[in-house]
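Protein chains: 2
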Amino acid sequence: MNPPFERIAIVGVGLIGSSLLRVFRREGVARTLVAADASAAVRARVVDLGLADAVHATAGDAADGADLVILCTPVGTFEALGAEVGPRLAPGAILSDAGSVKAAAVRALAPHVPPHAHLVPAHPVAGTENSGPDSGFATLFEGRWCILTPEEGTDAAAVAKVAALWRRIGSNVETMDPGHHDKVLAITSHLPHLIAYTIVGTATDLEETTKSEVIKFSAGGFRDFTRIAASDPIMWRDIFLANREAVLEMAQRLTEDLTMLQRAIRWGEGETLEALFRRTRDIRRGVIDAKQA
Amino acid sequence: MNPPFERIAIVGVGLIGSSLLRVFRREGVARTLVAADASAAVRARVVDLGLADAVHATAGDAADGADLVILCTPVGTFEALGAEVGPRLAPGAILSDAGSVKAAAVRALAPHVPPHAHLVPAHPVAGTENSGPDSGFATLFEGRWCILTPEEGTDAAAVAKVAALWRRIGSNVETMDPGHHDKVLAITSHLPHLIAYTIVGTATDLEETTKSEVIKFSAGGFRDFTRIAASDPIMWRDIFLANREAVLEMAQRLTEDLTMLQRAIRWGEGETLEALFRRTRDIRRGVIDAKQA
Numbered sequence: 001m002n003p004p005f006e007r008i009a010i011v012g013v014g015l016i017g018s019s020l021l022r023v024f025r026r027e028g029v030a031r032t033l034v035a036a037d038a039s040a041a042v043r044a045r046v047v048d049l050g051l052a053d054a055v056h057a058t059a060g061d062a063a064d065g066a067d068l069v070i071l072c073t074p075v076g077t078f079e080a081l082g083a084e085v086g087p088r089l090a091p092g093a094i095l096s097d098a099g100s101v102k103a104a105a106v107r108a109l110a111p112h113v114p115p116h117a118h119l120v121p122a123h124p125v126a127g128t129e130n131s132g133p134d135s136g137f138a139t140l141f142e143g144r145w146c147i148l149t150p151e152e153g154t155d156a157a158a159v160a161k162v163a164a165l166w167r168r169i170g171s172n173v174e175t176m177d178p179g180h181h182d183k184v185l186a187i188t189s190h191l192p193h194l195i196a197y198t199i200v201g202t203a204t205d206l207e208e209t210t211k212s213e214v215i216k217f218s219a220g221g222f223r224d225f226t227r228i229a230a231s232d233p234i235m236w237r238d239i240f241l242a243n244r245e246a247v248l249e250m251a252q253r254l255t256e257d258l259t260m261l262q263r264a265i266r267w268g269e270g271e272t273l274e275a276l277f278r279r280t281r282d283i284r285r286g287v288i289d290a291k292q293a
Numbered sequence: 001m002n003p004p005f006e007r008i009a010i011v012g013v014g015l016i017g018s019s020l021l022r023v024f025r026r027e028g029v030a031r032t033l034v035a036a037d038a039s040a041a042v043r044a045r046v047v048d049l050g051l052a053d054a055v056h057a058t059a060g061d062a063a064d065g066a067d068l069v070i071l072c073t074p075v076g077t078f079e080a081l082g083a084e085v086g087p088r089l090a091p092g093a094i095l096s097d098a099g100s101v102k103a104a105a106v107r108a109l110a111p112h113v114p115p116h117a118h119l120v121p122a123h124p125v126a127g128t129e130n131s132g133p134d135s136g137f138a139t140l141f142e143g144r145w146c147i148l149t150p151e152e153g154t155d156a157a158a159v160a161k162v163a164a165l166w167r168r169i170g171s172n173v174e175t176m177d178p179g180h181h182d183k184v185l186a187i188t189s190h191l192p193h194l195i196a197y198t199i200v201g202t203a204t205d206l207e208e209t210t211k212s213e214v215i216k217f218s219a220g221g222f223r224d225f226t227r228i229a230a231s232d233p234i235m236w237r238d239i240f241l242a243n244r245e246a247v248l249e250m251a252q253r254l255t256e257d258l259t260m261l262q263r264a265i266r267w268g269e270g271e272t273l274e275a276l277f278r279r280t281r282d283i284r285r286g287v288i289d290a291k292q293a
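Residue numbers (this note's numbering), protein chains in the order written: chain A, 1 to 293; chain B, 1 to 293.
Bear in mind the hints are in silico, worked out from the structure with no lab data behind them. Among these hints, one or two may not hold up.
Per label pair, the in silico range of CB-to-CB distance [unchecked claim]:
1. A/28 with B/252: 54 to 64 Å
2. A/272 with B/245: 17 to 27 Å
3. A/205 with B/28: 41 to 51 Å
4. B/267 with A/132: 29 to 39 Å
5. B/139 with A/54: 46 to 56 Å
A quick note: this is a predicted structure, and the numbers were derived from the prediction, not measured. The C-beta atom is built at its ideal place from N, Cα and C for all residues, glycine as well.
Working from the sequences, and respecting the hints, build out all of it.
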């Protein structure tokens with residue numbers, strides 16, 4: 001049986017890119033797997049790890065002759081990469097990505113995709129706090145959701161082909177509007193990261209509590225925040241800037257809710273606290289039931 | 001060799017109490033292990049699981065004849081339990097606890113401890129989001145810190161005996177002032193829990209994003225917060241009320257830092273974000289190096 005793709009190009013070999021290369025190889029979904037990365041050190045690791053059949057320094061060279069190009073770089077690079085890759089997309093080729101913000105991704109990429117090619121943006125809701133080509137693994141996407149956000153009028157066959165690829169590597173696939181995606185992810189992913197970065201930052205600023213004490217007694221909850229706050233700095237800088245409106249809206253709601261809880265603590269309103277804590281416990285049961293725990 | 005204790009009484013058989021019973025049994029640190037729990041259902045489980053040699057409905061009955069009594073109930077119960085247990089403490093007996101707030105614990109318990117007995121407050125910085133007698137396990141305290149906060153002038157032999165007990169079950173032991181403990185834990189444990197409860201609450205209030213979408217796409221960071229926000233509601237209500245000042249101070253600092261980040265996002269100040277995100281990454285390395293990850 002022929003593989004579904006002739007040549008897949010992965011642009012950016014970090015956690016996501018290297019995981020895709022690994023699982024694409026395992027599943028044999030392309031006759032040829034090529035990679036591109038701007039970092040010579042990363043390219044050398046790709047060769048050492050045998051992750052791709054060819055490694056290029058530029059996205060344009062990797063895109064030549066590919067029937068699927070997936071951008072796995074921070075969202076802030078998409079404008080320049082779109083301009084570079086767009087003109088080199090072959091007839092029928094699909095440009096996709098793995099960016100965590102979708103409206104900005106569409107805005108950056110769509111103008112560069114020629115009429116003979118297709119844009120099918122994707123966001124695999126999966127990850128770890130680790131970065132780089134060594135951090136990836138073939139099972140990263142198993143049981144996780146991949147959200148596709150094609151514009152209306154996008155070639156249905158191209159969308160179906162991308163959806164089938166993600167299902168093949170173990171993901172569930174959902175399609176939604178880019179703006180709705182950005183609102184949902186603002187609360188389920190971007191705000192948690194913003195808060196984790198904030199609280200770890202707050203802790204490091206303390207004069208009285210030394211850094212070593214904070215680390216020593218981190219098992220009481222703090223260590224989970226340090227894990228999240230160890231995520232790639234550039235990737236997350238770009239996410240917050242690209243999803244500004246939705247993130248600020250969610251941060252504002254959080255601040256209001258936190259203020260209410262602070263007030264309840266100050267005035268000793270135990271019932272208010274307990275009622276919320278019971279409600280949040282139910283959500284955890286939902287996460288476990290949905291096998292996303 | 002004689003066990004170090006004749007009779008240890010565990011009051012409250014939840015995650016911590018049942019873990020202590022399990023590891024105390026494994027290590028043979030007492031000739032007799034007794035448990036007390038106000039819930040008939042919990043007492044029945046203690047019998048079914050064979051966690052103790054005897055099970056009582058009241059702390060007072062369990063304390064009779066014990067040379068060590070450890071309160072493993074929410075901090076809000078300490079005042080009443082102190083009044084009940086104090087008069088029944090035998091000469092030389094030690095009253096201890098596992099509460100997450102220490103100044104309030106000392107205030108509640110110290111007045112009830114007769115001159116012939118000793119108060120050695122303890123806080124094992126270990127736990128999971130699960131509750132109840134079935135959730136405990138013997139290795140919970142291994143490699144974690146236990147903080148002792150005895151008042152000045154406490155019998156040194158009693159403190160050493162409690163410290164040796166925690167070391168025996170795998171913990172590292174540190175001694176500090178109750179007030180300092182409460183400040184350190186406010187940032188490393190209490191604030192993370194408060195924020196996790198808040199953010200999960202914020203998510204459940206959204207009109208646009210349904211609860212099912214929030215759960216479905218929780219793998220982007222949110223699920224870690226749902227885990228923390230699944231912790232015991234009564235225990236955490238009591239912690240926030242008992243450590244009010246330190247928690248409010250830390251929440252205020254967090255709010256200021258979050259406001260600064262919101263402003264950086266609004267004005268597109270990428271360098272501010274990136275600089276913080278690199279700093280927080282270093283803290284994660286510290287947590288990993290300290291084997292608390």
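Self-check item: Non-conforming hints, listed in increasing numerical order
Solution: Hint check: nothing fails, all pass.
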